[in-house]
Amino acid sequence: MTVNIQQAQDTVIKTSDLSVFYGQKQALNSVNMEIERHAVTAFIGPSGCGKSTFLRSLNRMNELIPNCRVTGSIQIDGIEVNSDAIPIEGLRQTVGMVFQRANPFFKSIFENIAFAPRFHGVKNKADLEELVEKSLRKAALWDEVKDRLHESALALSGGQQQRLCIARTIAMQPSILLLDEPASALDPISTMKIEELVVELKQEYTIVIVTHNLHQAARISDHTAFFLMGELIEKAPTSQLFTSPQDKRTEDYISGKFG
Amino acid sequence: MRIKAKIMDRTATFLLTAIAVLIIGVLFALLGFLLTQGWHKLNFDFLTSPPSIAEAGGGIGPQLFNSFYLLVLTMLIALPIGLGAGIYMAEYAPDNRFTRFIRLSIEVLSSLPSIVIGLFGLLVFVTMTGWGYSILSGALALTVFNLPLLVRITEDALRNVPPSQKEASLALGISKWRTITSVLLPAALPGIITGTILASGRVFGEAAALLFTAGMTSPDLVFHDFSLNSPTSPLNPMRPAETLAVHIWKVNSEGLTPDARDVADGAAAILVIAVLAFNLGARWFGTWLYRKITSGTQR
Chain Y
53 MTVNIQQAQD
63 TVIKTSDLSV
73 FYGQKQALNS
83 VNMEIERHAV
93 TAFIGPSGCG
103 KSTFLRSLNR
113 MNELIPNCRV
123 TGSIQIDGIE
133 VNSDAIPIEG
143 LRQTVGMVFQ
153 RANPFFKSIF
163 ENIAFAPRFH
173 GVKNKADLEE
183 LVEKSLRKAA
193 LWDEVKDRLH
203 ESALALSGGQ
213 QQRLCIARTI
223 AMQPSILLLD
233 EPASALDPIS
243 TMKIEELVVE
253 LKQEYTIVIV
263 THNLHQAARI
273 SDHTAFFLMG
283 ELIEKAPTSQ
293 LFTSPQDKRT
303 EDYISGKFG
Chain S
727 MRIKAKIMDR
737 TATFLLTAIA
747 VLIIGVLFAL
757 LGFLLTQGWH
767 KLNFDFLTSP
777 PSIAEAGGGI
787 GPQLFNSFYL
797 LVLTMLIALP
807 IGLGAGIYMA
817 EYAPDNRFTR
827 FIRLSIEVLS
837 SLPSIVIGLF
847 GLLVFVTMTG
857 WGYSILSGAL
867 ALTVFNLPLL
877 VRITEDALRN
887 VPPSQKEASL
897 ALGISKWRTI
907 TSVLLPAALP
917 GIITGTILAS
927 GRVFGEAAAL
937 LFTAGMTSPD
947 LVFHDFSLNS
957 PTSPLNPMRP
967 AETLAVHIWK
977 VNSEGLTPDA
987 RDVADGAAAI
997 LVIAVLAFNL
1007 GARWFGTWLY
1017 RKITSGTQR
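Protein sequence lines, in the order shown, are assigned to chains Y and S.
Start counting the first sequence at 53; every next residue gets the next number (this note's numbering).
Start counting the second sequence at 727; every next residue gets the next number (this note's numbering).
Just so you know, these hints were derived from the structure itself, not from any lab.
A portion of the hints provided could be inaccurate.
Beta-carbon label-pair distances, calculated as ranges [as the list claims (entries may be wrong)]: (1) Ser-307/Y - Arg-736/S: 50 to 60 Å; (2) Lys-77/Y - Lys-732/S: 14 to 24 Å; (3) Glu-185/Y - Phe-827/S: 45 to 55 Å; (4) Ile-131/Y - Phe-824/S: 36 to 46 Å; (5) Phe-824/S - Leu-116/Y: 19 to 29 Å; (6) Pro-806/S - Gln-127/Y: 43 to 53 Å; (7) Glu-185/Y - Gly-758/S: 57 to 67 Å; (8) Glu-283/Y - Ile-745/S: 50 to 60 Å.
Quick reminder that beta carbons are idealized off the backbone N, C-alpha and C, glycines included.
Just chain Y, with the same shape it has in the complex (with noise of 0.2 Å):
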């Protein structure tokens, strides 16, 4: 237990003059950050403020995007994975990501959850069936879901399969959750919902999450990150930045002056 509030205090991504370039334009300016363990962490700026990209560089999703180049550290536990020695496998399965659109595989609910963990190499029928529920059970789905395990996920309404995306990545067994604006297409309730379990989840995994939304950064994250124009202005504990922001910008942003 000592062990871990230890770690609870520690840090578990660490960048260094982060910068990301699409093509000419430099969407990410030389960022340096540290992300604390088991807390949620939440970025906010305004749209094309350079929080989803640096989000999508600490599991590499950038690499998709052509001509996109990111220079600079990123070490996760220590070690830098920003390097093609890294395998994007291994990274992406510590590195799990939840995206703004639910985006569930067109396959059953069960075979959405037990899809990564097959491939990682849980291969045992039993072992699947219990990760299926254990993932299902941590996404608060389980009991909605349980007896339709076999039907189609698309069946499913947006604010479940949004549970079901983070049920699906939880199931690798991740270390650092991403979740880019997971509950922005969705309805209030749903959105209760996901907020509630993220902060269910900060005991087991460090989230990182990027909100347009002020109040839901100010209600769930335990420190809050303010971006501005590809820049990091400020990160600090979130009640501190929300009542006592050490930037001019970052107080006109939360004020609602401009973004």
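Fit chain S to the known structure of chain Y by using the hints.
Just chain S now, with coordinates in the frame of chain Y:
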């Protein structure tokens, strides 16, 4: 001004509807004519007995079988190549001069007249290989004829899968190849299968590419002889094989039997029914498969 726009709107609606009705009318007139002309020939005897050379009463049994056999053989050769090339074009090909050249080549290939492909087949698959008129030569010519379509079908079907599916899979640390085989291909399958069945209809009705490759004659097939090298075996891929479409052309242009016209009408009706079945079947099967895959009731 507003009244003018309204009149324009009405006129355009009327014209476009008229064109649509015209197309449907032509289609139904054609189908109706072919079917009423050939209807009286559609009996079991006509569909199974061999054609006769001089007297009336011959059937189209071997031709019907040849058409299906050639179709199966063609698809066996063309599908793996078409799928592979389609996957390459959709998922691997970088956007550069080389792949633009491939794309151009595919387009040129697909616009070649089928008689030209037939002549190419005569030169390469019949003469140079020394196989003579054979089902295999015909199947290879039809592969050339069909490949561009199959590549296009596969590529389009893969590109039509929402990119979020691919993103979801890669973000789970799934490799690119596994993402293609387990996420993209299943999602694209209804499109690929529908397209393939439509392409099959095209193969089934093709005549010009086969005149000089599969030949214009068919041996009297012995339907209980399944050895691959007997000249009268239906399965022997090295025997000449006149298909239904070629038979229609031949009977119409140089048929000697007194009922040549009747035979051609009957064969045409069968051909149309088969192609129609391919088209409707493709539609039905594609929808069914899509529902089956998206509802994920496998296991």
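Hints versus structure:
{"no.": "1", "hint": "Ser-307/Y - Arg-736/S: 50 to 60 Å", "verdict": "holds (56 Å)"}
{"no.": "2", "hint": "Lys-77/Y - Lys-732/S: 14 to 24 Å", "verdict": "violated (48 Å)"}
{"no.": "3", "hint": "Glu-185/Y - Phe-827/S: 45 to 55 Å", "verdict": "holds (53 Å)"}
{"no.": "4", "hint": "Ile-131/Y - Phe-824/S: 36 to 46 Å", "verdict": "holds (38 Å)"}
{"no.": "5", "hint": "Phe-824/S - Leu-116/Y: 19 to 29 Å", "verdict": "holds (22 Å)"}
{"no.": "6", "hint": "Pro-806/S - Gln-127/Y: 43 to 53 Å", "verdict": "holds (46 Å)"}
{"no.": "7", "hint": "Glu-185/Y - Gly-758/S: 57 to 67 Å", "verdict": "holds (60 Å)"}
{"no.": "8", "hint": "Glu-283/Y - Ile-745/S: 50 to 60 Å", "verdict": "holds (58 Å)"}
Violated hint: 2 only; the structure is consistent with all others.
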